[in-house]
Each structure stands twice: as structure tokens, then as C-alpha cells.
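Chain A is already provided as a structure; the job is to place chain U on it using the hints.
Listed here are the chains, written in short residue letters.
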Amino acid sequence: MNDNFEPKIVAIFCYWCTTQAAELAGTSRMTYAPNVKIVKTMCTGRVDPQFILWAFRNGADGVIVSGCHPPSDCHYEDGNFKWFRKYVLLSKTLEQAGIDPKRLRQEWISASEADKLKKVITEFTEEIRALGPLKHPIREGGD
Amino acid sequence: MGKPKVGFYWFASCGGCEESQVDIADKLIDVVNAVDIAIWPVALDFKDSDLEKLEDGELVACFLNGAITNSEHRKIAELFRKKSKYVIAYGACSYMGGIPGLEVSKDKETLIERVYLKGDIVVNPDKVVPVQEFKEDGVRIEIPEIYERPYSLDEVIDVDFYVPGCPPTPNVFLDAVNTLLSGKIPEKGYVFGSRKSLCNECPLNKTKPEKVLVKEFKRPHEVILDPEKCYLAQGVICLGPVTRGGCDSLCIKGGMPCTGCFGPLEGIKDYGAKAISYIASILDSKDLDEIRKTLEKIPDPLGTFYRYSLPRSLFYKKRVGDKK
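Here the protein sequences line up with chains A and U, keeping their order.
Residues in the first sequence are numbered consecutively from 1, following this note's numbering.
Residues in the second sequence are numbered consecutively from 1, following this note's numbering.
So here's chain U without its partners, still in its complex pose:
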């Protein structure tokens, strides 16, 4: 028997996920030695037809990153589902909708108008916007249909495992690869990363007060953070307490508070609602007007608390293939 075949693919994503895959550096050689990469269009010249040629279930695993935003994404995702034994949603976009997922709160027309006509750096005097079908001189050109809203991968196809992160840190990717190679297959729906919150592994945790209480919330650019002291205690919104750990606290070590890319902990249905709940609970004020004033200063609660998880939130998530 040959080496297990794996595939990599990207949908609506930025390329950071691929970077994180090659970021495992010298260990990449071990991975490449252990598996046979059957498709990886970002790195090597593969075509969709290479995927179609594979037998059903021939790929042992595929790592799909990015949100699903058009009909081509969906087609390829369904093809991958057919060809693979295990489908792994790789990265926050694929897992929860991610950054492209934020567009779910706007309709398609508003988005097209914003991107092609009214963007701050857009010069488009002829008002050219994308159309799905176009005919000129008897030649018909078709582009994939842009969906009304972006989807997380598991809203479109059945997903076996999730690798969280924006992008996933190299150690989580390695953990996923090694787990699958070892044959100890986790239960379906397993999310790689820690079972505990980020605070649990945060190097600043020892400076976190027993009870965090803050008088006002500041944005990271409004304050010079002390890198040795819990960011929450310094009044900056850090979502570590409600976010899954396992990322090696890279942002924290880099001087930035957690924005929640590893998603919710087990048993939480809606990440953003939980984050709202947490941030509301640490505001030290018992004056209704003051509470209103302080919290209304948080400029974009939807984008702050649902930064990576809007399509998968209670607001929007469609339960495809989920039993009622």
C-alpha cells in the first residue's frame, strides 16, 4: 500500500492558512515523506480535473480552508467530500466563517456597490460590476454565482474535524497531521487545540487579578500596553477567557490582545454572545448612565465579538445535515 493521499484546497481565504502549513518548517519534510500530496493548487500546479480523476474516498484527508462564498467553492467542496475519507475544516474561515464571513450581515447588492462602485479607492466611471453571464461577439462567458451570504464549510458539506485559528498555528496543524497519521482518529466534530481557554496557558495569567474589574475599555492603539501584565486588567478587550487555547499565546506574546480566532470552547453555541457576556461582567460600574456611556464607546460590537464566527453564530447558522 502506498502512502496515504491528502489534499489541500482554498476557498475564500487570504493565503495565511497555506503559510501556516509551510510554517512547520523542517517538519514539513517529515510530513511530505509520510503522505502523498494528491492536490495542492496553491503550491503546485494542480487542476480541478486532477481532483475529479481520483477515486471516491481515495484521499485519506483533505484540509480545506476559506469560507464558501460562491458556487464554484461549493462544487469543489462537494467533490472533496466525495473523494475524501476525512474532511478537515482548516482555519477560522472554514470552521466558523472567519473574516470574509462578516459580510453575512450585509446583502449582496450592498457589497457589490461598496466594492465596485463606492469604495474609497475605487475609480469606476463606467460603473462596471460583475455579472454572472456575459456575451460578446457570440462568445459566452460565465463566472461562478456569488452567494447571498458566505458559509462556513460545515454549512455546505459534512465536516469531520476542525483546525481552528486565523491562521492555525503550526503546532495545531502538526497535531492534526500527527493524530491522523497515528491512526488514533478522534470522534467526529473534534476541534483540535486545547480543551481549556487561552487564559489557562497565557504567560500573563499569573498577573491576572482574582477578579478582573475595569473602569473603561480602551482600544489597543489608545494605550501603551505593559507586555508583562494581563491585558484585560489594563482595560483592553482581550477575548482569552472565552476562547479556546492551543495557539501558544502568539498574539499575547506579540503584544496584542486575543481577538478570538480559535473560536468557542466546548458546549458554547454562540461565541460572540459568550464574549459579550464576559466583557459585560467585568465592567466595574453600578450606574446605569455610566454603564451605557462606557459600553457604547466600544465601536463595533458585532465585529469585535463575532470577528471570526458570524456565519456560525445563532444569528445566521444554517444547520445543514444537522438533525433537528
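Just chain A, with the same shape it has in the complex:
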């Protein structure tokens, strides 16, 4: 395994829960793996499978999407379920196309769960580090 490999991870967080957890982690001076680039969306229900493929295509080794806890935390009522349905289909598709579905992680983290955020990000970074860099034709396409 390449010791110098630093995973690049794209984190797509919903505004109402997980982004707030990240803010809380920040104001509480918590430290977690610096490998994540956080993208804020209003709701995970808005996350299009194209975003995930786009991230992998442009250099991400892993993508994590996190939203509000089901069944009823979602600010828009059922956005988290909408995302979850896409996630189930997408991860099976990724697997068929030859990308380890472990590279796409799905979590529920509420605004108060900064501890969980820290734990999940660190854990996921280590998991991707163990998997190594993403090697797939998706990388050859570029922008």
C-alpha cells in the first residue's frame, strides 16, 4: 500500500442537519481528518447521482452524503428518504460498473451530533485509505 496516499473525499451535507453538525464541530474545536471537502446542499433529496459520478470523475476517492435522521428530522419532510432511494440504486450501479460501493457512504447526522461527524469522517477516511486510490476508467475522462 502506498504510504503517501492521502484520500480525497467529497462530503455532501444537508444544510439543516449535518452542515450544522460540522459547524458545531468547528466551534467546539474538534479535530477530524482534513481529507474531506464539504459541499453544502439545502437537502440531500437534492443530491443528483450525477454529482457523485462527477466527484469520482474529477478526483474523489470517496464520497460521503449525510442528511437528517429519518423518519422525521428532515426540514422538507421526506428529502432524506428521496436521497436514500437514489443511494440504494446508485450503489448497486456503482458496484456493477466496477467501483467499490464502499466508496460511497451514506449517513444520518443531526445538528447536535458533532461527535458522530468526527467519528464518521475519520473512520471513512481510514476506510478509503485502506482501499487505496480509485482506479477506474471514470478517472480518464477528466472534466
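No lab work stands behind these hints: they were computed from the structure.
Careful: at least some of the hints might be erroneous.
A short, non-exhaustive set of chain U residues, derived as facing chain A with CB atoms under 8 Å [claimed, not checked]:
{"no.": "1", "residue": "Ser105"}
{"no.": "2", "residue": "Lys269"}
{"no.": "3", "residue": "Asp270"}
{"no.": "4", "residue": "Ala273"}
{"no.": "5", "residue": "Lys274"}
{"no.": "6", "residue": "Ser277"}
{"no.": "7", "residue": "Ile279"}
{"no.": "8", "residue": "Leu283"}
{"no.": "9", "residue": "Leu288"}
{"no.": "10", "residue": "Leu295"}
{"no.": "11", "residue": "Pro301"}
{"no.": "12", "residue": "Leu302"}
{"no.": "13", "residue": "Phe305"}
{"no.": "14", "residue": "Leu314"}
{"no.": "15", "residue": "Phe315"}
Listed below are the simulated DSS-like cross-link pairs for lysine-lysine, each with C-alpha atoms no more than 25 Å apart in a straight line [what the hints assert, rightly or not]:
{"no.": "16", "chain 1": "A", "residue 1": "Lys119", "chain 2": "A", "residue 2": "Lys40"}
{"no.": "17", "chain 1": "U", "residue 1": "Lys108", "chain 2": "U", "residue 2": "Lys75"}
{"no.": "18", "chain 1": "U", "residue 1": "Lys218", "chain 2": "A", "residue 2": "Lys92"}
{"no.": "19", "chain 1": "A", "residue 1": "Lys37", "chain 2": "U", "residue 2": "Lys269"}
{"no.": "20", "chain 1": "U", "residue 1": "Lys108", "chain 2": "A", "residue 2": "Lys92"}
{"no.": "21", "chain 1": "U", "residue 1": "Lys229", "chain 2": "U", "residue 2": "Lys208"}
Using N, Cα and C, we set each Cβ at its ideal position, and we do this for glycine too.
Using the frame of chain A, we list chain U on its own:
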């Protein structure tokens, strides 16, 4: 000045595209009267040398169908590019990779093993597989190199227009021919067919509920479809909402749901991802376990949602000649 010269050619394709071209029936005579067919190896006896003999840019248009899977395809495609003013990718394989494009998710060795050694109906005790070069009694035989993966036409050469469909319906072919003959040349990269989704022109659209919600997905053979009612509302995966229209809803009229051969609508980078998004959005369930169970029953998401577009998807598309 003589009649405009056109050419037709096929790469990795099934012949359905040619059928669709002659399917315009009596109008074929008008087309033949209006143009001079300089090369059409499927229908008439033309050789590659006939193509080589043409001047550069002598063909006004060429209609190329099929995916690019070997070095001969590439050579001919490049030759056509040189000899033609407008190159038209004809049919889903040429436009997006199509059915042969599905092999992109497997490597070459796996495919050769599957086709020549392990296929269910293959008897090959001597384990003969194709090799590129072969020598016997001092005679050297060479076949074209099979590529690692199939390509859509625009990954190999510059393409001007696209005619979608598997195969394109006769009216789309006629539309393309008439548009070019009329001299009103569309902008580069134009895809013939409708600007709107299939649902928009579907005869069952009036029975489509305001909000489609289904409890489970069934495959077409598992259910007796009511031909008068929106197939999606009956729980069968129909990709009409995310697919370009313009095909006269032939499959729908024939009792089959849309499988997406006309490809994505304008502005969509990845057809399959959009289809996944749509199908996920209509499942009526708010229970994580139930969602997982129901969606995992869809047997082959890659083959279902990327049936015609895998080489051109975000997974695989190489951007040849595309600016960064």
C-alpha cells in the same frame, strides 16, 4: 452541379439501423432521387477503396451507425470524417455506445473468454480464441485489433449531428434527411428528435397521475399490462419521463415500456444517473428497510438505466476533441 452525395456505413451494429432507413418505404424513392448514394456497403456492392477514391469533403453527409469496437472501425470512421462535410451518428450505438457499448464494463479478456470459451452454447474443445496475427505455411493473416472497450462515434471522430434511436424511427431519419436537403443546417451537436420528453407525446399521458407513486417495481413479463393506462402507474419501469421524444411512442403503442433508446434530454450529462434519480423519486415508501428491499429487486440497474448509453456516461466517456 450533380446531386449531393451521401454515404452510409455500419460499425458494430445489428442491421436494425439499415432496416429503419429502408423502412421509410415509398419515400425512399424520393430520397434516392434527391441524392446520389456514393457508398452503402450493406445494400450495394461497395468496397473500402470506393470510399478512398472520393475527394476530401466530396460527401455532403454520411450516416454512420454502430459502436466503434476495433481498429478497422476507427480507420473507416476517420476516412469518412475526411471525405464528408457532415458526419451524422445514426442510431443509439453510434450516438451513445448502445447495446454493444454495455461491454465497456467488462475487460477484453473476460469478454473473449465468455464468447469463445464459456458461453452457454459454445462447444470449443480446442480452446480457439481470436488472435490478431496468425502465421501458417508462410502466410500471415491479420485481423483488426479489438479495442479494450467500445466507443461511441464522437469519442473517435468529430460528429456534427446525431440521430437517436434503437433503431431510429423512420420519421426521425426522414426529418434528418429533409433538414439537410432543405439547407437549413442545424447547429453542431444537434440531436434530431423532439426537444421534449417522451411522456409529452405519449398516448397514455392522459392516464398518468399528477404524481406517480408506486409501491413496487415489476418487470414487464411479471404483469399483464393494461395497454390503456400509463405503464409507470402500473409499476413497470418506463423511462419515458427522462428520455427524448420523437419516436412516435412506438414501443408504448406496442405494449412495451420505454427503455430509453432516444437518450437524454438537452442539458443532461448522464442519462442513467437521471433515470436512477427519477425511478427513485417515484417509489412510495418511507421505510429504509422496505426501500432497500424493493429497490434491490431491480435486477440489473446498470443494464436497465444505462442500456444504450454506458460508453457515453460519466463512468466511461472520454472527451476526444472536447475542450477541457
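So, going through the hints one by one against the coordinates:
Against a cut-off of 8 Å between C-beta atoms, the interface hint on U:Ser105 holds, since the closest Cβ of chain A lies about 5 Å away. A hinted interface residue such as U:Lys269 counts as satisfied when its beta carbon comes closer than 8 Å to some beta carbon of chain A; here the least separation is about 6 Å, so the hint holds. Below 8 Å, beta-carbon pairs count as interface contacts, and U:Asp270 has one with chain A at about 5 Å; its hint therefore holds. Here the hint on U:Ala273 is kept, as its CB sits about 4 Å from the closest CB of chain A, short of 8 Å.
Restraint check, U:Lys274 versus chain A: the minimum CB separation of about 7 Å is within 8 Å; hint holds. Taken as an interface hint, U:Ser277 checks out: its beta carbon lies about 6 Å from the nearest beta carbon of chain A, inside 8 Å. The beta carbon of U:Ile279 comes within 7 Å of a beta carbon in chain A, closer than 8 Å, and the hint placing it at the interface holds. Interface restraint check for U:Leu283: the shortest CB-CB distance to chain A comes to about 5 Å, inside 8 Å, so the restraint holds.
Because the smallest distance between the Cβ of U:Leu288 and any Cβ of chain A comes to about 6 Å, under 8 Å, the interface hint for this residue holds. Among the interface hints, the one on U:Leu295 holds; its C-beta lies about 4 Å from the nearest C-beta in chain A, closer than the 8 Å criterion. For U:Pro301, the shortest C-beta to C-beta distance to chain A is roughly 4 Å, which falls under 8 Å, so the interface hint holds. Residue-level restraint check for U:Leu302 holds (minimum Cβ-Cβ distance to chain A is 4 Å; threshold 8 Å).
At its closest, the beta carbon of U:Phe305 sits 7 Å from a beta carbon of chain A; the interface hint therefore holds under the 8 Å criterion. For U:Leu314, the interface hint holds, since its Cβ comes within 8 Å of a Cβ in chain A; the closest pair sits about 4 Å apart. With a cut of 8 Å, the hint placing U:Phe315 at the interface with chain A holds, because the nearest CB-to-CB distance is about 5 Å. Restraint check for A:Lys119 and A:Lys40: the C-alpha separation of about 19 Å stays at or below 25 Å, so the hint holds.
Pair hint U:Lys108 plus U:Lys75 holds up; C-alpha atoms about 20 Å apart against a cutoff of 25 Å. For a cut-off of 25 Å, the pair hint linking U:Lys218 to A:Lys92 stands: about 18 Å separates their Cα positions. Pair hint A:Lys37 plus U:Lys269 holds up; C-alpha atoms about 23 Å apart against a cutoff of 25 Å. With a C-alpha separation of about 23 Å, the suggested pair U:Lys108 and A:Lys92 falls inside the 25 Å cut-off, and the hint holds.
Only pairs whose Cα atoms come within 25 Å are accepted, and U:Lys229 paired with U:Lys208 is accepted, the gap being roughly 7 Å.
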